[in-house]
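Quick note, the sequences are listed as chains A and B, same order.
Using this note's numbering, the first residue of the first sequence is number 1, and each one after it goes up by one.
Using this note's numbering, the first residue of the second sequence is number 1001, and each one after it goes up by one.
Mixed in with the good hints there might be a few duds.
Partial selection, computed: residues in chain A whose CB lies under 8 Å from chain B [as the list claims (entries may be wrong)]:
1. L94
2. E107
3. S108
4. R117
5. V246
6. I250
Note that these hints are calculated values from the structure, not bench results.
Beta carbons: idealized from backbone N, C-alpha and C, even for Gly.
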Amino acid sequence: MTAAPDAPTRTTATPMGLWRLEWLRLVRTRRLAALLGTFGFFGLTAAPLARWAGELASRVGGSVQIIAPPPVPADAMTSYVSNASQLGLLVFVLVTAGAVTVDARAESAAFLRTRVRRRRDLVVPRLATNAAAGAAAYATGALLAWYGAVLLLGDLPIGPMAAGVVLGALYLPFLAAVAALVATRSASVAVTALATLAVALVSGLVGTLVPDRLARWLPSHLVGSITSLAGGGAVAEVLPAALTTVVATIALSALAVRFAGRREL
Amino acid sequence: MKPALAIAPLVAAAVALVLWCLVDMARHPVRLLPRWLWAVLCVASIPLGALLYLLLGRGVDASTGVEAGPPTVTGGRGTRPRRAPDPSRPAVTTTGLSKRYGDHLALDDVDLSVPEGSIYGLVGRNGAGKTTLLALLAGLRRPSAGTVDVGVPPDKVAVLPDTPWFDPWLTAFEVVDLARSLVAARRPPRASIDALGEAGLADVADRRVGGFSRGMLQRLGLAATVVGEPDLLLLDEPCSALDPAGRRDVLDLVARLAGQATVVFCSHILDDVQEVCDTVGVLGDGRLLFQGAVTDLLVGRASPAYRLRVRGDVAPLLDALDAAPWVHEVERLGAEELRIGVRDLATAETSLVPLLATVPVRVVRIEPATADLEHVFLELTR
Chain A
1 MTAAPDAPTR
11 TTATPMGLWR
21 LEWLRLVRTR
31 RLAALLGTFG
41 FFGLTAAPLA
51 RWAGELASRV
61 GGSVQIIAPP
71 PVPADAMTSY
81 VSNASQLGLL
91 VFVLVTAGAV
101 TVDARAESAA
111 FLRTRVRRRR
121 DLVVPRLATN
131 AAAGAAAYAT
141 GALLAWYGAV
151 LLLGDLPIGP
161 MAAGVVLGAL
171 YLPFLAAVAA
181 LVATRSASVA
191 VTALATLAVA
201 LVSGLVGTLV
211 PDRLARWLPS
221 HLVGSITSLA
231 GGGAVAEVLP
241 AALTTVVATI
251 ALSALAVRFA
261 GRREL
Chain B
1001 MKPALAIAPL
1011 VAAAVALVLW
1021 CLVDMARHPV
1031 RLLPRWLWAV
1041 LCVASIPLGA
1051 LLYLLLGRGV
1061 DASTGVEAGP
1071 PTVTGGRGTR
1081 PRRAPDPSRP
1091 AVTTTGLSKR
1101 YGDHLALDDV
1111 DLSVPEGSIY
1121 GLVGRNGAGK
1131 TTLLALLAGL
1141 RRPSAGTVDV
1151 GVPPDKVAVL
1161 PDTPWFDPWL
1171 TAFEVVDLAR
1181 SLVAARRPPR
1191 ASIDALGEAG
1201 LADVADRRVG
1211 GFSRGMLQRL
1221 GLAATVVGEP
1231 DLLLLDEPCS
1241 ALDPAGRRDV
1251 LDLVARLAGQ
1261 ATVVFCSHIL
1271 DDVQEVCDTV
1281 GVLGDGRLLF
1291 QGAVTDLLVG
1301 RASPAYRLRV
1311 RGDVAPLLDA
1321 LDAAPWVHEV
1331 ERLGAEELRI
1341 GVRDLATAET
1351 SLVPLLATVP
1361 VRVVRIEPAT
1371 ADLEHVFLEL
1381 TR
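Pulled out of the complex, with its shape left as it was, chain B reads as follows (with noise of 0.2 Å):
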């Protein structure tokens, strides 16, 4: 008798384990081998077939987990009164900020100046020291040389990578409200289904988040970064992976925040820092080339530029232009359509028209080129 109560607990937990693969391969994918293969394998052989299936056999299922659920609760807003931000403060300054990585020098000399309540694009190209840039600025990486000095406190201050990755086996909500109870504790949980909703990411709360697509992490990322209802606000390539509709979201979320929170909006997408940011700082091998109002970048710093669409063949037209002294470039912006940088506008407007009657083409329209943000920012970088 006494042997087999000693034996009895050992092949309980045997066939315990082989019905719990058999429940498992029954709810969940399976690998390798077909569904029935592994069924078979584990009753045949007690418990080698059971340890082979939990090994090699069981498959990712990563849309699993969601957890029944009372409590259940609803939406609705919970604000808190913030101060009104001072323009005139600056909420971050840096002064002479550099970083070294062995004899490569990521960032040199930058005295950057982010007023309190701006929206504040950093741009620059790959390898320009943006986010190098921005982990100083969260304190996750220490300057060579020079001083951070960040005006909030430091649980007010919420980082989002450009690539955000959480836990898998967590739920959405999961994740947004572990942010809430870290930084923003007094806050209750809905405040973390609110700020999901506000992410479009309402239905998919209970979700595991191993199964997000890449936007919907950036999305989820963003969550976790207002529903602490940060001062400061560090967005490295908020939208770089979203949908046209989603880039069009975090957009207009970040437009929003504009004299409530002071945002750092690093971008390489131009278009979305002319369109949301009023503060811009340009880097360019780790040095900052520009930093100060978008209006004051595009009007002093862009060359005068004509656009100008015509009929016929080009060819000669670009000949013509090619020889006069006074373009500084010509641009092809369709097979039809040029932009033509000019060296000194007085020049070019008593002299283009007269060139553009020398040759063979049939002009459709002709105007000055507004500057944006993306020629000026090429101007600088080049």
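Only chain A is shown next, with the shape it has when bound in the complex (with noise of 0.2 Å):
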């Protein structure tokens, strides 16, 4: 090969390593400012759309007349809760299966396959720093959403609040879990994405099928934990299905680590 010039070559010497790699991937690809975009846009508008609902559906209704009950503190992080649900679970999942299904790429999948020393290598850093990732989006959501609540609505409690933001954000690290298990089977971030996203719309729709008692184990429950809290509710509620949530979180990302790296490239 070429030898190496004499000049001194200068680089950055930041020694390098899988959790480094999720970090960069988080930052580089701009997954990060995705996530923090997507749940903080959400935080922004959620108290303002609560606190002038009224006001804008009756400009775009025209000579409809809509009542709507005058706006209480809950409302914001109702309306938080409602999008973040919606449309910001949807570009964690996506942000996430594209992290975890380290197959999607054969050559880079033979690379790292070939050099990891533990199974755990393949799924951790990547499971880890995205569920992390999405629960600190969440959160920072989740507080935007309450300051403007706080400024246009009125006072929340804040040790329900704090617990319902803290509950709420571990259904983020699950639906990571979800996705790091269905990746060791799958090289496609489609699959791994609409998979996870099949298990979170069927986990919400046994939730409304099921009796309350059943339903409150679930971890799909813990979505509505910051607006169940908000609105009075006991922390005690909330617990059963963060309980579920945390030990199917755990089973799953240990499955993920048995099966890791066991596909077939």
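Once you've looked at the hints, go ahead and assemble the two chains, each given alone in its own frame, into the complex.
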């Protein structure tokens, strides 16, 4: 090969590793910006929408008179959760599926698979980084919505709200773990994303069909935790879902590690 | 006052988005519309214009990504002592190795034996099973039958696919250093720079690989392969995308590895295999047709032949050769140059010159043709 030049080579010497790889993936591919932008946008618009929804509807509706009840602070959080649990989760699932589907490019997968020492190295950095980024983005949006609600609509209880934000954010690592498990069997980002969304959808659907005493144990029950707690609900109502979600997240992650790298390239 | 405070972050975010888009379009290529029109759209329609720009207008600028420097590191070579290879001991052995994809038998009962420290050339036509065999050796696929025994630890096996691909947002240094951190963490980051230098990529160490040509990616893949000082290298067509100078560099590198590491060199460029490999395996339709030293293959397998250069019309000569029962085949190497394969060397030695005397051509040169891998390969796989 060509001999190395005598002149010193100037380059960035920040050592690489799998965790830094995932951080760079988040930052350089603007996945982090997409997550923060999406959840942040819904957070910023939640309180104004709740505050002036009636006026906006009347202006759009023309001659139709729309009478809405006076907004309350919890409406801002309901507006945020409503948007974040749809478009926000969609963006999160797409971002996460793109990261955890290691086999999406066979050449890249061969590079990693023949170099990592432990199977968990293929899964844990990708899963943890994306789950943390998603949860942080969700919490950021919730805090922005809370800020707007306090300014425009009135105070919200600090303790239950903080608990609601934390418990609601637990749902995103659960979805990331689902995506990681699906990705061990799939080489397609689209398949991983669709399967993960299907799990989220079915989980939500089951929650509406089964009796309440069962529904409160489903991970999807966490989606509405902020709304529930902002509206005066007790933390204990959401704890069963939180417990299920944490256990399921750990179990799914363990399965993803177990099956990682087994699919033939 | 309170509504203003609530709206202020939203307005600030929208303004920041527009400003960011304006700066971005000033520094990077844009698509679909002229730059000034995107700027007008962003300012006139907040924030829709900016969102449209983000979705549709941002161009691809793959060559960016140079990051400012400190800490700066300089070249230098750290090597580790290697155990002297033992050619009598196989580094890789397969026994009855078969791989089936549905009804298609891609590999059929392959008994491979790669001596330690050898450069083992694996040749075969397209679809012969070379890539499948390499994937099985690397543990990326599972055999349908048979066993693979690799005599080096997994972290000492390095694989280079024929079309390497790396995340385009990583720099060349980051790709190689990632490989170093995974398989040779004890080596300092400067080892990554050395590997890039050996691959001829020192000048582009800080460039993102999204803008690399296929040849540069192949060099980068090779740098990421050798940085871990592997004991077994599985190279799949490492020269396929390289220009002549790059091909020469890679062949020199592979030749230098002889005796230090075991290399399985998969290629359809037979001249390359003949040049750098000491052992060769010929695959045909999933079966191992030959395995052994290159010299054994060339000496024992090729049918004898002559190279003949003449002046004049070669048509009568071709007719005469076609009629001769001791002629196996005639290949035209040029307008006035032939390669004459013969069935029996003794008969040819007594009959070729008299035959030439019967046809109206002038003989410029006649010599025994040395066997080369290409002809042997064609005979084996015919």
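_Interface hint status, R117 of chain A versus chain B (Cβ within 8 Å)_ = holds (6 Å)
*Should the interface hint for S108 of chain A be scored as holding, given a Cβ-Cβ cut-off of 8 Å against chain B?*
Given a least distance of 5 Å, the restraint on S108 of chain A holds.
*Please verify that hint: E107 of chain A, Cβ, nearest Cβ of chain B, below 8 Å or not.*
holds (4 Å)
_Using the nearest Cβ pair, does L94 of chain A come within less than 8 Å of chain B?_
violated (14 Å)
*With 8 Å as the cut and Cβ atoms as the points, is I250 of chain A at the interface with chain B?*
With a minimum Cβ separation of about 26 Å from chain B (threshold 8 Å), the hint on I250 of chain A is violated.
*Satisfaction of the V246 of chain A interface hint, Cβ to chain B closer than 8 Å*: violated (31 Å)
In summary, the structure is inconsistent with hints 1, 5, 6 from the numbered list given earlier, while agreeing with the others.
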